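Given chain A, work out where chain B should sit, using these hints.
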Amino acid sequence: MLDLVWLIPALPLAGFLVLTFCGRRLGEPWAGWLATGAVAGSFLVTVGVFLDLVGREAHDRRSVTTLFEWVPAGDLRVDVGFLVDPLSLTMCLFITGVGALIHLYSIGYMHGDGDFPRFFTYLNLFAFSMLMLVLGDNLLLTFLGWEGVGACSYLLISFWFTDEANATAGKKAFVTNRIGDWGFMVAIFLTFFTFGSVAYVDVLDTTAAGTVAQSTATFVAVMLFVGAIGKSAQFPLYLWLPDAMAGPTPVSALIHAATMVTSGVYLLTRINPVIADAADWVPTMIAWTGAGTALFAATIAVAQRDIKKVLAYSTVSQLGYMFLAVGCGAYVAAVFHMVTHAFFKALLFLGSGSVIHGMDGDQDMAHYGGLRRFMPVTAGTFIIGWLAIAGVPPFAGFWSKDEILAFAWNESPLLWVVGLVTAVLTAFYMTRQVVLTFFGRCRFADPRPDEVAAAWAARLIRADEAVGAARIAVDDAEAAAEACRGAVAAADAESVGDAEAAVVEAEGVLAVAVEALAGAEDLATDVRAAADARAELPALALDGVPDVGALADELPETVATRAAHHPHESPWTMTIPLGVLAVLSVLGGLIQLPFSSTTKRLEHWLEPALFHNEVHLSIGAGTLWVLAVVAVAAGGVGIAVAVAAYGRRRIDHTVFERPILAEAWRFDRTVSNLVGGPGRAGFEATAAFDRRVVDGAVEGVATLVRREAGVLRRFHNGLVRTYAVGIGLGAVGLVIWFLSRSSF
Amino acid sequence: MVVTTSWYLALGAVLFSLGAVGLLIRRNPLVMFMCVELMLNAVNLTFVSLGAELGDLGGQLSVFFVLVVAAAEVVVGLAVVVAIMRRRQGATTDDLSVLGG
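Here the protein sequences come in this chain order: A and B.
Positions 6 to 749 (our numbering) are the ones given, in order, by the first sequence.
Positions 745 to 845 (our numbering) are the ones given, in order, by the second sequence.
Bear in mind the hints are in silico, worked out from the structure with no lab data behind them.
Keep in mind that a hint or two might mislead.
[Unchecked claim] Stretch by stretch, here's where chain A covers chain B in the computed footprint (C-beta under 8 Å, at least three residues):
| hint | stretch |
| --- | --- |
| 1 | 757–768 |
| 2 | 827–840 |
[Stated by the list, open to error] Label pairs and their computed distance ranges (CB to CB):
| hint | chain 1 | residue 1 | chain 2 | residue 2 | range |
| --- | --- | --- | --- | --- | --- |
| 3 | A | S747 | B | A796 | 23 to 33 Å |
| 4 | B | I769 | A | D695 | 27 to 37 Å |
| 5 | A | L709 | B | T749 | 47 to 57 Å |
| 6 | A | I732 | B | V812 | 19 to 29 Å |
Since the structure is predicted, the reported quantities are computational estimates derived from the model, not experimental observations.
We put the CB at the ideal spot given by N, CA and C, even for glycine.
Chain A on its own, in the form it takes in the complex:
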C-alpha cells in the first residue's frame, strides 16, 4: 500500500481540477458528492497505508517516496516526495477522515447557495494543500502546502465576498499570516545555508545526531515558531482567527478548527530534534506562549454572544494547550490533543452550523434558548462535544487535556496552574454556550430590543400627531365661533335670534374641541412618561422580555413571522457527520490511555518520528491521580458555576460578561489603532521618503541630463557645413597639439 501514497493528495487534486473545469455543469448536488468522494477515497488510501505501517517495527515505519525532481538549482536540490511516517500519517488520517465528514456536511449546509460548486472546488484544493503540507518530505514542499492552505483559507473566509466585512476578514487572515510566513521562509533559507538541504530526512537526522551548533538550531527553531504562531493563531498573531468566522461554518470547522490551524503544532512536532538542540529558553518560550494564549483566549470566550466567536476563541485556547504540550516536550500529548480536538471541535462547529442553519443564519446566542426540542440530534451531539471539551471523563478531551496538564506539572507547577484555570474557564464558557443554546426559555420569538424601541417611537409619533390634530380642531372651532359673533353684530332684528343660536352652537363645539385637546395632551404626556419609564431591555433576556404585552399590536411583522417559523432540524447529510464525530469524541481517548505501557498506543506508534525527544514524566502515579481528580473537579466547578448563572439563574450572569472581555481585552482595537495611527504615519513617511529622496534622486539625474542635452543639441543643427567647420577646427586643433608635443 505504501506505493499508493501519492494517491492521498492526488485524489483531492483530481477532484479540484474536475470541479474547476466542469463544476458548473455538475451543479448541485453532484459537485458536492464528487468532492466528498475524492476526499473519502483519499481517506481509504490513508487507512490502507496506515494498516500497512502499523504492523511494522519502529525503524521500518518511516519512508520517503520521491516522485520527481522539482527544483534542481545548483547545490539546492528539492524533490517532490512524500515522507510517510507515523506523524504525517496520523495527520492524514484525521485530515481526510474529518475532512470527508465535513465535505458531506457541506452538501446539506450549502444547499441552495448559488456558488455551490465553487465552494467544493476550494474545499478540495484545501484538502490537497493540507495533505501536501503534512506529507511533503522537505521544508519547501511543506511551505507550498502552507501557502496553499493560506490561500484556500483566504478564498473560503471571503467566500461570500459581496459582503464587505467577509472580504475584509479574508484579507486580515492573509496579511496576518504573512508575518508568520516570513519566519518560515527565513527558517528555510537558514536550513539550506546550514545543512545544504531542506529535506526533513537530512535536517532531522543531522540534528538528531547532535552535530549542529546550538545557535543555529535556536535560530531555526525560533523562526519556525514564528511561522507556527501565525498559522496556529497564537498570541499575538491570533487576531485573524476570530474574524475568520465570517466564512461558511463548514470552513470554520475544517480549516479554522480541525486541520489548518494545527499545522503549526505539526511543524513544531516535526522538527523536534531542532528544538531539542536549541537553547533551553526556546521550549520554555513555546510553553509559556501556549499557556498564555490558552488563558487569554478562554477569558475572551466567556463574554462572547456570537456562537461561532465562542468556538473561535475556544479554538485559539485549545491550540494554546497544544503549544504548551510541545513546549513541555510532550509531543505525544500535543498530537493526541490535536486529534481529539479535531474530533470534538469539528463536532462543535458543525453543531453550531446546524443551529445557525436552523435559525436561518442568526448567530446570536441571545436569540436561541430551548433549541433541544426543535433539533434533538444537533443538541445531543453538541452536548457530547461539550462534555469532551469540558474535560469530563471518559470523553476524548479529558484524556488529552489531562495528559497535557500532567506534563505541565512536570515542567513547572506555574504552567499547570495556568492550564488548570483555563480548564475551569473552558468548562464555564462551553456550559454557558450549551445552556444558552439548547436549554432555558425559547427566545427566538422574542421581540428584539431595537424592535421594541421602534414600536415605542412609532407610538410617540402617533400621540404627537393626535395633539397636533386636536390643536387644529380648536383653532377651527374658534374661527367658526368668531364668524358667528360677527354675524350677530351684522344681523337685523329678524334674523338676530337665529344668529345668536348659531353662536351658542359654535361655542359648544369649541368647548368640546378644547376638551379633546386637553385629553390628547394628557395622553401624549402619559405615553412619553411610559416610554421614558419603560424597562431597558437586556441584550440577553434569560427571564423573558419585560412587559411588551401593551405593544404587541405595534411590533413589526417580523416578530410574528419568527414566532410562526420555529427552528428546524437539519437534513441527514448534516446529522450523519455529527453522529460520527460524536462517537469519535466519546471514543477518541482510546488511542492513548495513561494506565499502562500497552494502552499508550499513540506513543508507541509515534516513536520513530520523535527521535527519543519525548520527555518522560518524573512524577509518581499517586500524584497523577491527584492531578486528574483536581482537573475533573476544576471542570466540574466551571460547569456548576455556568449552570448556576445561566440555567438556574442563582448568579447574575452579567458579572461574567464584562465589556472588556467582550471586546477581547481591546487588543485587536489597540493593534488597529497602532497600525492605523503611528503605523500609518510611519508608512506615509516611508512613502514620502521614497517619493522625495529616492524618486527625487532618479528624477534629478534625468532633469540634469535633459538640461545639459538642451545646451548640447544646439551644436547638432543638421547643417553639413557646420559639421565640416567642426571637423576642420578639430583637425587644426590636433595639429597644434601634436606640434606642441613634438620636440623640434
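Relative to the frame of chain A, chain B by itself:
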C-alpha cells in the same frame, strides 16, 4: 628653375585649402562633392611627392587606398545626391537639416 618636392607640397597645400574653403562656403551638394575630391587628391599629391622624395613605396601605396575609398565614397555620395534631387529640386545642403537637434 628646378621643380623640387617643395613645389609639389605647396601645390598640394593650395589645392587642399581651395577644397576646404570651397566645402565651407558653397551650398550646392555637387560642388561640395567636387571640393571633397579636390582635398582628397591634394593629399594624394602630397603622398606621392613625399614617397618619391623619401624613396618610400608606402606613399604611393596609400594613394591606392585613398583612390579606392574615394571611388566608393563617390558611388554612395552621388547616389544620395541623386535621390535627394529627385525629391527636392534645387535643394542645397542647408535645406537638408531635418536631423538637426
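Now the hints, each set against the structure:
no.	hint	result
1	757–768	holds (count 3)
2	827–840	holds (count 3)
3	S747/A / A796/B: 23 to 33 Å	holds, 24 Å
4	I769/B / D695/A: 27 to 37 Å	violated, 58 Å
5	L709/A / T749/B: 47 to 57 Å	holds, 55 Å
6	I732/A / V812/B: 19 to 29 Å	holds, 22 Å
Figure legend: structure checked against the earlier numbered hints; the only hint not met is number 4.
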